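Trainee: Sequence:
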Amino acid sequence: MLRVFTILIICLHVCCASSDCTSHDDHGSVSQEEAEKATKLKLGSIALLLVAGGVGVSLPLIGRKIPALQPENDVFFMVKAFAAGVILCTGFVHILPDAFDRLSSPCLEDTVAGKFPFAGFVAMLSAMGTLMIDTFATGYYKRQLFSSNNGSKQVNVVDEEEHAGHVHVHTHASHGHAHGSTELIRRRIVSQVLEIGIVVHSVIIGISLGASQSIETIKPLMAALSFHQFFEGLGLGGCISLAELKSKSTVIMATFFSVTAPVGIGIGMGMSSGLGYRKESKEAIMVEGMLNAASAGILIYMSLVDLLAPDFVNPRLQSNLWLHLAAFLSLLLGAGSMSLLAIWA
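Reading the sequence shown from the start, the letters are residues -17 to -1, 1 to 328 in mature numbering (1 follows the signal peptide of the UniProt record, and there is no 0).
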């Protein structure tokens, strides 16, 4: 995951020292006093987004200690549906439109991006790539698991005559254990791939805020992005909780998400002040649009295929009308809450 973060920073560094494709510059029209106020607001937003993201991702992790939120309880389905709604809306309403907006910019009319719908194309490739990673990784670990189980079964067959009455029971127990282990492996893969998609987006929005010099732009963004990070944290935290990772891995993943947007703000501030970063350069528009499209593809795939589909075809959900309706309402509530933020962010 650190490699992904490093590659992202390198890509954005390419955008530095590039000429704007617009005739005016945001930096040149801002007075020294306004620039200082903007810097103070950005420093405040670093702390605000750090707290918002940290609280959001931590709530589901703390909640798993509550009996009502355990996987065997009905509330579990509702919480998971809410988290999936947040993630689905993030991909469709927040990120993908930004990707289309950036890659359809008039500045790119004379490039390949101006003649081809790259936003949708990159999102599609990203979703397909996520599918490959998801299925190949799950298949690999499943083969490893069953090969180890087969080895233990061969040892038990030696004593089959002596323990004939127990072999059948042992086989069923092994099958149940293998199924549970496979499901757990899949949840862990889902949580890690999902974090990559969310982290990429968090860095981008952080850089966008950090590079801005307009106080009128920064103030509403601070509030909107705080809620944005909080709800994204809820969605990611729910998936990390399901993965049942070791405490150290859980803390690392939660911390990594919490700091990415603040780090992005710091990078944006550095680029705009000392490295000649131009948000409206062709290179910046292309890189930001491509990364947003890739991130959207990951989140849309993961929310629909890995989070929603397995639960909504679950026999327990389909056999209980009220639980089915409650889960669907939770999905709408999660998507609706995140959609509302699109008015400001």
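For the record, the hints were derived by calculation from the structure and aren't laboratory data. Check before you lean on any hint, since a few could be wrong.
Stated by the list, open to error - Mimicking BS3-like on lysine-lysine, the simulated pairs with C-alpha atoms at most 25 Å apart in a straight line are: (1) Lys20 - Lys202; (2) Lys48 - Lys202; (3) Lys229 - Lys125; (4) Lys23 - Lys231; (5) Lys231 - Lys48; (6) Lys98 - Lys265.
What the hints assert, rightly or not - Simulated DEER-style distance windows between Cβ atoms: (7) Glu92 - Leu26: 34 to 40 Å; (8) Pro89 - Leu287: 29 to 35 Å; (9) Pro89 - Lys202: 24 to 30 Å; (10) Ala30 - Leu323: 35 to 41 Å; (11) Ala18 - Arg299: 53 to 59 Å; (12) Ser164 - Pro50: 39 to 45 Å; (13) Leu114 - Lys231: 35 to 41 Å; (14) Gly253 - Trp305: 28 to 34 Å.
Please read these numbers as outputs of a predicted model, since none were measured by experiment. In this text, a Cβ means the ideal position worked out from N, Cα and C, and glycines have one as well.
Trainee: Give a verdict on every hint.
Mentor: Right, here's what the structure says about each hint:
{"no.": "1", "hint": "Lys20 - Lys202", "in the structure": "11 Å, holds"}
{"no.": "2", "hint": "Lys48 - Lys202", "in the structure": "37 Å, violated"}
{"no.": "3", "hint": "Lys229 - Lys125", "in the structure": "20 Å, holds"}
{"no.": "4", "hint": "Lys23 - Lys231", "in the structure": "34 Å, violated"}
{"no.": "5", "hint": "Lys231 - Lys48", "in the structure": "17 Å, holds"}
{"no.": "6", "hint": "Lys98 - Lys265", "in the structure": "15 Å, holds"}
{"no.": "7", "hint": "Glu92 - Leu26: 34 to 40 Å", "in the structure": "38 Å, holds"}
{"no.": "8", "hint": "Pro89 - Leu287: 29 to 35 Å", "in the structure": "33 Å, holds"}
{"no.": "9", "hint": "Pro89 - Lys202: 24 to 30 Å", "in the structure": "28 Å, holds"}
{"no.": "10", "hint": "Ala30 - Leu323: 35 to 41 Å", "in the structure": "24 Å, violated"}
{"no.": "11", "hint": "Ala18 - Arg299: 53 to 59 Å", "in the structure": "57 Å, holds"}
{"no.": "12", "hint": "Ser164 - Pro50: 39 to 45 Å", "in the structure": "24 Å, violated"}
{"no.": "13", "hint": "Leu114 - Lys231: 35 to 41 Å", "in the structure": "29 Å, violated"}
{"no.": "14", "hint": "Gly253 - Trp305: 28 to 34 Å", "in the structure": "53 Å, violated"}
When the structure is compared with the earlier hints, violations turn up for hints 2, 4, 10, 12, 13, 14 and for no others.
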